[in-house]
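Top line first, the protein sequences correspond to chains A and B.
In terms of the working numbering, the first sequence has 40 at position 40, counting the first letter as 1, and numbering is strictly consecutive.
In terms of the working numbering, the second sequence has 233 at position 233, counting the first letter as 1, and numbering is strictly consecutive.
No wet-lab data here; the hints were simulated from the structure.
Do not rely on the hints blindly, as some may be mistaken.
Heads up, simulated BS3-like pairs for lysine-lysine below, C-alpha to C-alpha not over 27 Å straight-line [as the list claims (entries may be wrong)]:
(1) A:K65 / B:K99
(2) B:K333 / A:K69
(3) B:K83 / A:K69
(4) B:K157 / A:K31
(5) A:K106 / B:K200
(6) B:K200 / B:K333
(7) A:K65 / B:K347
(8) A:K106 / B:K347
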Amino acid sequence: MSLDVNGTTIEVDENGYLLSLEDWSEEVAGKLAEDEEIEMNDQHWEIVNFLRDYYQEFQIAPAVKVLTKAIAKKNDIHKKEASVFLYELFPNGPGLQACKIAGLPKPTGCV
Amino acid sequence: MEDIKGAGNSGDGQEMEDNKGKFLNPTPILDELEGGQWPSFITGFKELGERTEKPMIRGVLDQLEYSYKTKMGYWKGGMVTVKGYGAGIITRYSMIKDKFPEAKEFHTFRIQPAAGLHYSTKMLREVCDIWEKHGSGFMNMHGQSGNLQLIGIEQDKTQECFDELNQAGWDLGGAGATVRTAASCVGPARCEQACYDNLKVHEKVLKNYAGMTHRPEFNYKMKFKFSACPNDCANAIMRADVALIGTWRDSIQIEQENVKEWIDEYGEDALYEQVVNMCPTKAISHKVGTSTIEIENKDCVRCMHCLNVMPKALSPGKERGASLLMGGKNTLKVGVNIGSMMIPFMKLDTDEEIEEFIEQMDEIIDWWDDAGFDHERIGETIERVGMKQFLEAVGIKANIDMVVRPRDNPYYKKKYDSTAD
Numbered sequence: 001m002s003l004d005v006n007g008t009t010i011e012v013d014e015n016g017y018l019l020s021l022e023d024w025s026e027e028v029a030g031k032l033a034e035d036e037e038i039e040m041n042d043q044h045w046e047i048v049n050f051l052r053d054y055y056q057e058f059q060i061a062p063a064v065k066v067l068t069k070a071i072a073k074k075n076d077i078h079k080k081e082a083s084v085f086l087y088e089l090f091p092n093g094p095g096l097q098a099c100k101i102a103g104l105p106k107p108t109g110c111v
Numbered sequence: 001m002e003d004i005k006g007a008g009n010s011g012d013g014q015e016m017e018d019n020k021g022k023f024l025n026p027t028p029i030l031d032e033l034e035g036g037q038w039p040s041f042i043t044g045f046k047e048l049g050e051r052t053e054k055p056m057i058r059g060v061l062d063q064l065e066y067s068y069k070t071k072m073g074y075w076k077g078g079m080v081t082v083k084g085y086g087a088g089i090i091t092r093y094s095m096i097k098d099k100f101p102e103a104k105e106f107h108t109f110r111i112q113p114a115a116g117l118h119y120s121t122k123m124l125r126e127v128c129d130i131w132e133k134h135g136s137g138f139m140n141m142h143g144q145s146g147n148l149q150l151i152g153i154e155q156d157k158t159q160e161c162f163d164e165l166n167q168a169g170w171d172l173g174g175a176g177a178t179v180r181t182a183a184s185c186v187g188p189a190r191c192e193q194a195c196y197d198n199l200k201v202h203e204k205v206l207k208n209y210a211g212m213t214h215r216p217e218f219n220y221k222m223k224f225k226f227s228a229c230p231n232d233c234a235n236a237i238m239r240a241d242v243a244l245i246g247t248w249r250d251s252i253q254i255e256q257e258n259v260k261e262w263i264d265e266y267g268e269d270a271l272y273e274q275v276v277n278m279c280p281t282k283a284i285s286h287k288v289g290t291s292t293i294e295i296e297n298k299d300c301v302r303c304m305h306c307l308n309v310m311p312k313a314l315s316p317g318k319e320r321g322a323s324l325l326m327g328g329k330n331t332l333k334v335g336v337n338i339g340s341m342m343i344p345f346m347k348l349d350t351d352e353e354i355e356e357f358i359e360q361m362d363e364i365i366d367w368w369d370d371a372g373f374d375h376e377r378i379g380e381t382i383e384r385v386g387m388k389q390f391l392e393a394v395g396i397k398a399n400i401d402m403v404v405r406p407r408d409n410p411y412y413k414k415k416y417d418s419t420a421d
């Protein structure tokens, strides 16, 4: 499967996740978000950028627990509030949707 | 040796003949499961498949037949959710979808039952209709997970199916690293031994942790189970991270009149054999020729045996409440554990008392969320850091009535020897 962004063809897997992290750009992220019916704002970008930084450092997407705690710390809110906040931004789950928009591979397993 | 006719050979000419006009393909190996004296899930699968003519059911039967032939399972997990939920749907993709395209997806909805598994027939009819409309029509009631499980749906139908279920009053259960769907025994709704209203506590806990049930972000799963008396019909002590088991702190109530009735009906020998000698702590005494019994309550270990044998004559004390045991689980990082006694007795009659319990649990879960490793149940975290550290961290005072290990090996049940001293 592939994704068409401004005339450039980008390879994605059967669920629409980028096959190569290198193909990612803000335009690509915008297109991926559009497909997920998400209108990107600063808060969305903040999380997408956090995921990309984390992935580049550790070569793995953070566990939702780690993401939630990081967001709680950054915004100075309780982790329960951070969890609700994340799902408001990414209704189908930050694991699935935010990773997709950030160009990370699809999370596996039951979490 | 008997020839298993047609087994693993679905292309057989005779079978093609027998199968004429049927929707499902021949499944000779699976058919063997229909023999014997028990109901077979294969019979149910086949009936539903022929009636509804859903290709998904045909595909799953074909793949299962193939699984029995090759002695391999072909399902893999993944991630399927509905809007706002991170958990509640168990994903099943076929690993051999090219061979069995009809069995490509067969996901499972976990639906939360009401406390004590009480349903109205109307609700059950609704869930059946919705499920047959969007999914396969199969359900599973109830595994150890405590959920009503709806088995077999495709990913692109999950949202509309969930919306309809939700409109009818159902919600998804827990899966993955969440507070899981809780389980209770029938409690005071249908049982005279109930020592606290476990159904009410269950409901309050369920509502308090709804967010943590739907959004997986713990180290691993966290299970609550509520048994209203020490018979522990919800299997809480062995299976739940948090087991709330009903108990009493005064004396067993004795109706001597009913004791006499019991003795008149079954005889004095039966009283010795079934009650007095069966008491593990020898707390019950009876003088030959009389029609009463005495109980030394400080020796009672709440095994429930005498109360179960003489339910009319004996009942739990008047000062009733619950014990909190934590850390029960099956094999994971370390072996099987039975819950450790954390709070020997607490009252749970008023809303405030239940609220207090939930606040204590919030603190405990918060601690575990920070102190626990990935994929570590709370019992293992406690074992790793030490009970003392745990108690200090969550503010529970150590107490002589606390028992770390009620019984080391949960598979072991002592046979009490009635002739021993």
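- Could you grab the alpha-carbon distance between A:K65 and B:K347 and see if it respects the 27 Å cut-off? Violated, at about 34 Å.
- Query: Does B:K157 pair with A:K31 here, judged by a C-alpha cut-off of 27 Å?
  - Reply: Distance of about 24 Å is within 27 Å: holds.
- Message: With the threshold set at 27 Å, check whether the alpha-carbon distance from B:K333 to A:K69 stays at or below it.
- Response: Judged against 27 Å, a Cα distance of about 25 Å means the pair holds.
- Query: Do the alpha carbons of A:K65 and B:K99 lie within 27 Å of each other, as the hint requires?
  - Reply: violated, 38 Å
- Query: Does B:K200 lie within 27 Å of A:K106 when you go C-alpha to C-alpha?
  - Reply: violated, 40 Å
- Task: Could you grab the alpha-carbon distance between B:K83 and A:K69 and see if it respects the 27 Å cut-off?
- Result: holds, 22 Å
- Given the hinted pair A:K106 and B:K347, is their alpha-carbon gap at most 27 Å? This hinted pair is violated, its Cα atoms lying about 47 Å apart.
- Does the alpha-carbon distance linking B:K200 and B:K333 stay inside the 27 Å limit? Cα-Cα ~33 Å, so violated.
Hint violations for this structure: numbers 1, 5, 6, 7 and 8, all remaining hints satisfied.
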